[in-house]
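Enquirer: Sequence:
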Amino acid sequence: MRAPAPAYAYSLNDETIAAAQAAIGSGLTDAFARAGEVQLHVTREALVPALIALRDTPGLEYQQLMEIAGVDYPDRGVERFEIVYCMLSLTRNHRLHVHVRASEDTPVPSVTGLWPVAGWLEREVYDMYGVLFAGNQDLRRILTDYGFRGHPFRKDFPLSGFVEMRYSEEQKRVVYEPVKLAQDFRSFDFMSPWEGAEYVLPGDEKAKDAALPQAKGAQTPATATQVQNAGAAKTDTNAPAGSSEPYAKKDAPSTAETGAGRSNPDSKPEPRDPDVVPGKGGQNQ
Numbered sequence: 293m294r295a296p297a298p299a300y301a302y303s304l305n306d307e308t309i310a311a312a313q314a315a316i317g318s319g320l321t322d323a324f325a326r327a328g329e330v331q332l333h334v335t336r337e338a339l340v341p342a343l344i345a346l347r348d349t350p351g352l353e354y355q356q357l358m359e360i361a362g363v364d365y366p367d368r369g370v371e372r373f374e375i376v377y378c379m380l381s382l383t384r385n386h387r388l389h390v391h392v393r394a395s396e397d398t399p400v401p402s403v404t405g406l407w408p409v410a411g412w413l414e415r416e417v418y419d420m421y422g423v424l425f426a427g428n429q430d431l432r433r434i435l436t437d438y439g440f441r442g443h444p445f446r447k448d449f450p451l452s453g454f455v456e457m458r459y460s461e462e463q464k465r466v467v468y469e470p471v472k473l474a475q476d477f478r479s480f481d482f483m484s485p486w487e488g489a490e491y492v493l494p495g496d497e498k499a500k501d502a503a504l505p506q507a508k509g510a511q512t513p514a515t516a517t518q519v520q521n522a523g524a525a526k527t528d529t530n531a532p533a534g535s536s537e538p539y540a541k542k543d544a545p546s547t548a549e550t551g552a553g554r555s556n557p558d559s560k561p562e563p564r565d566p567d568v569v570p571g572k573g574g575q576n577q
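For the sequence shown, the residue numbers in this note's numbering are 293 to 577.
Where hints are given, some of them may not hold.
[Said to hold, decoys possible] What follows is a set of in silico ranges between Cβ atoms, one per label pair, in the way DEER data are often shown:
#1 G442 x T349: 37 to 45 Å
#2 Q331 x G427: 22 to 30 Å
#3 D448 x D306: 36 to 44 Å
#4 V363 x Q429: 20 to 28 Å
#5 T436 x V370: 22 to 30 Å
#6 L380 x Q463: 17 to 25 Å
#7 D430 x G453: 40 to 48 Å
#8 Y438 x S303: 47 to 55 Å
#9 V467 x Q331: 45 to 53 Å
Hint data in this document are derived by calculation from the structure and do not stem from the laboratory. Glycine is no exception: its CB is placed at the ideal position from the N, C-alpha and C atoms.
From just these sequences and the hints, can you work out the full model?
Expert: This is how it looks when you write it as structure tokens:
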């Protein structure tokens, strides 16, 4: 006999919230569904009992801890951080999030006793946000280098960092130095070229007739009349002077002689190359 397929996740939100409120009790401060997933907000003291209840209570059965994430809200004041535990129920085909607030001075209870994989996940949160976990026996940095100062995922952490790393040819090792910007921050113009730049491109200022910046928008195509008038205004009406090269040919006096095959009176007999033997066709004929 085949087991029935699990229900769709979004249809389990209401009964999950009701079951979680009954199982967790006063430690649950808020519970609601947002973006199709259930969020449970608990206190720090009730974190471990709440996760045990979510794992062992029939009808909930969230067996797996998928992820521990951190969020920084600097405007909240002292408890600026929020730790999010992503849970998965294999039997119910359902997910939910457990949220707990924390500060950099108040440790959050570790859940390594419930899921050993939490040791690595808590180290990531500590490395990126600086939140401490009471009960973690190996709470040290996991993503940044040795001696790293600060926590990169905090909103007040500078984008350039505090130190920079490079290889020193003199010392033959990797050295750490304070961040030094080689130049001031440049202002890059990401304007679309179709809109027209409001400045002269490098090199155009050296031209004799440097044009002013064009107006925004695509150029209006010229009409046929404008093209014809412009061509007539720039066309030289005088006949071009004859070529001054000595090897220039003379024009035919009339069109009747064009292609008649008559010899030019100024032409001289062409020397015959004795090495060229006429044959039956070819390029030398």
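Enquirer: Evaluate each hint against the coordinates.
Expert: Hints versus structure:
1. G442 x T349: 37 to 45 Å: The hinted range 37 to 45 Å holds for G442 and T349, with Cβ atoms some 41 Å apart.
2. Q331 x G427: 22 to 30 Å: Cβ of Q331 to Cβ of G427: about 25 Å, so the range 22 to 30 Å holds.
3. D448 x D306: 36 to 44 Å: At 39 Å between Cβs, range holds.
4. V363 x Q429: 20 to 28 Å: holds, 25 Å
5. T436 x V370: 22 to 30 Å: Holds, since T436 and V370 (Cβ atoms, about 25 Å apart) stay within the stated range.
6. L380 x Q463: 17 to 25 Å: violated, 49 Å
7. D430 x G453: 40 to 48 Å: Given range 40 to 48 Å: violated, Cβ gap about 26 Å.
8. Y438 x S303: 47 to 55 Å: Taking Cβ atoms as reference, Y438 and S303 lie about 49 Å apart, which means the hint holds.
9. V467 x Q331: 45 to 53 Å: Since V467 and Q331 have Cβ atoms about 46 Å apart, the given range 45 to 53 Å holds.
Against the hints set out earlier in the document, violations occur for numbers 6, 7.
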